[in-house]
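Read top to bottom, the protein sequences are chains A and B.
The opening position of the first sequence corresponds to residue 2 in the numbering used here, with each subsequent residue numbered one higher.
The opening position of the second sequence corresponds to residue 392 in the numbering used here, with each subsequent residue numbered one higher.
Any given hint could be a false lead.
Claimed, not checked - SDA-like, lysine to any residue: derived pairs with alpha carbons at most 25 Å apart:
1) K486(B) to D456(B)
2) K412(B) to E42(A)
3) K550(B) to A531(B)
4) K119(A) to E42(A)
5) K412(B) to E3(A)
6) K5(A) to N393(B)
7) K412(B) to P8(A)
8) K28(A) to R61(A)
9) K5(A) to N394(B)
10) K5(A) to D454(B)
11) K68(A) to E80(A)
12) K550(B) to L52(A)
I should point out that these hints are in silico values taken from the structure, not numbers from a laboratory.
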Amino acid sequence: MECKLVPSVCSYCGTGCGVLFEVINHKIVGTLPMKTHPVNEGKLCIKGWNLHEHVNSILRLKQPLVKTFGRFIKTDWDEAIKLTADRFREIIDKYGPDSIGVLVSAKITNEENYLAQKLARAVIGTNNVDHCARL
Amino acid sequence: MNNEIKSWLEEGTIDVFLGYKEVDHHPIPWCFTRERLEEVDDLVVSPTRYSLEKLATHMAAVDPDIRIGMLARDCNQRALNVLAVWNQLRPEQIKTAEVNCCPSRLKAHADCSYLEPKTVGAYKKEAGIDNTFRIEDVKAYSPEEGRNRWMYEFQKCIKCYGCRNICPVCFCKECSLEHSDLVGTGPLLPDIPVFHLVRAVHMAGRCIDCGLCEDACPMDIPLRLLYQKVNQIVMDLFDYETGTSADQPPFSILGEKVTLQPKPILPVTAAEA
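Looking at chain A on its own, in the form it has when it is part of the complex (with noise of 0.2 Å):
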């Protein structure tokens, strides 16, 4: 029986609450506030508190999947990046890059919505870019 705590942050928005995981056998259980953080001081809200269940669920997508004739088929990552960018393409050389538009939010780190809107403002050529929590 190996029983451990794990210190982590809350993933859902962006305030960042520090949470303990219980992990018991290797497998997640039970989250916990973490008492002496600075953040949340030992308090979640219902969110923090199901963490546990987010992380373990069965519909978590452990694979990128693709779209064909109404379903879903698995696929590999090379194989979505691929498709991805050339709909882009296609849609960018149709309508013009304004027609794309990007949404970032606060589950994702200040350095990887930087990068977002860079790709947005770039590549894809278009300053449409928004945050979740405006939606």
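Go by the hints and put chain B onto chain A.
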């Protein structure tokens, strides 16, 4: 104490020991084992409190024969008593190492205090209930005013279920608070004060006044006061002190027949209503 714990692990008196270790300057619960005995030197006893007995119940659920040692303050000890009474843990399975305690209504004298008096804001004192009050102070309010003040507190609830999730003596697989007939789900505001009253009723005969619920409440609702009041009623009616009485509480329907006799219920006077 470290050497005593090491000897327990080595001799096989216990399989694991639950204590605290500092990881990145945060004391967190840690499971010390025989395989990594040298880690016991890093055992810290800090004022930071987590519910080690709740971890113990989770471990016992996975492996019923495991023997667990743990650091126990008075509140942990009371929680272990209640869990043993409710058949969640077997007393012979647990070995405790005593550490200093914090103050509580159920214990007269206390040494170290984790529950330092919090600073309560002026508006909360004016419109709500001061968390540092005792039951007698709340009784001093008139029924009308008391109701308004409690409603002010309950309306702040965001239904995070923190109070239920962290409670050491909450273990029901089917929690009443998730029953759709009692507490509705959905996008609107949570059912106030049904949620709190249902919880308070369930804490009768179970709450051991550890205060973890109040620590976990993001809105600082004075939950400890509420559950203290309910348990005082249990004490008055049944002479049952949660955490110290060895019998099953008068509300348990599983297990053996309860032998406690209720005292006659006195009619509620207008003052107490």
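Structure-based check of all given hints:
1. Straight-line distance between C-alpha atoms of K486(B) and D456(B) comes to about 14 Å, which keeps the hinted pair within the 25 Å bound.
2. For the suggested pair K412(B) and E42(A), the alpha carbons sit about 18 Å apart, so the restraint of at most 25 Å is met.
3. Straight-line distance between C-alpha atoms of K550(B) and A531(B) comes to about 29 Å, which puts the hinted pair past the 25 Å bound.
4. Distance restraint check for K119(A) and E42(A): the Cα-Cα separation of roughly 35 Å exceeds the 25 Å cut-off, and the hinted pair is therefore not satisfied.
5. Under the criterion of a C-alpha separation no larger than 25 Å, the hint pairing K412(B) with E3(A) is consistent with the structure, at around 16 Å.
6. Simply put, K5(A) and N393(B) have alpha-carbon atoms about 20 Å apart, close enough for the 25 Å limit, and the pair holds.
7. For the hint pairing K412(B) with P8(A), the CA-to-CA distance comes to about 12 Å; that is within 25 Å, so the pair holds.
8. In summary, the hint linking K28(A) to R61(A) is supported, as the alpha carbons are separated by about 16 Å, within the 25 Å threshold.
9. Pair hint K5(A) plus N394(B) holds up; C-alpha atoms about 22 Å apart against a cutoff of 25 Å.
10. At roughly 15 Å between alpha-carbon atoms, K5(A) and D454(B) fall within 25 Å of each other, so this suggested pair holds.
11. Of the supplied pair hints, the one linking K68(A) and E80(A) holds, its CA atoms being roughly 12 Å apart against a limit of 25 Å.
12. Of the supplied pair hints, the one linking K550(B) and L52(A) holds, its CA atoms being roughly 16 Å apart against a limit of 25 Å.
Going through the hint list in order, the structure does not satisfy hints 3, 4.
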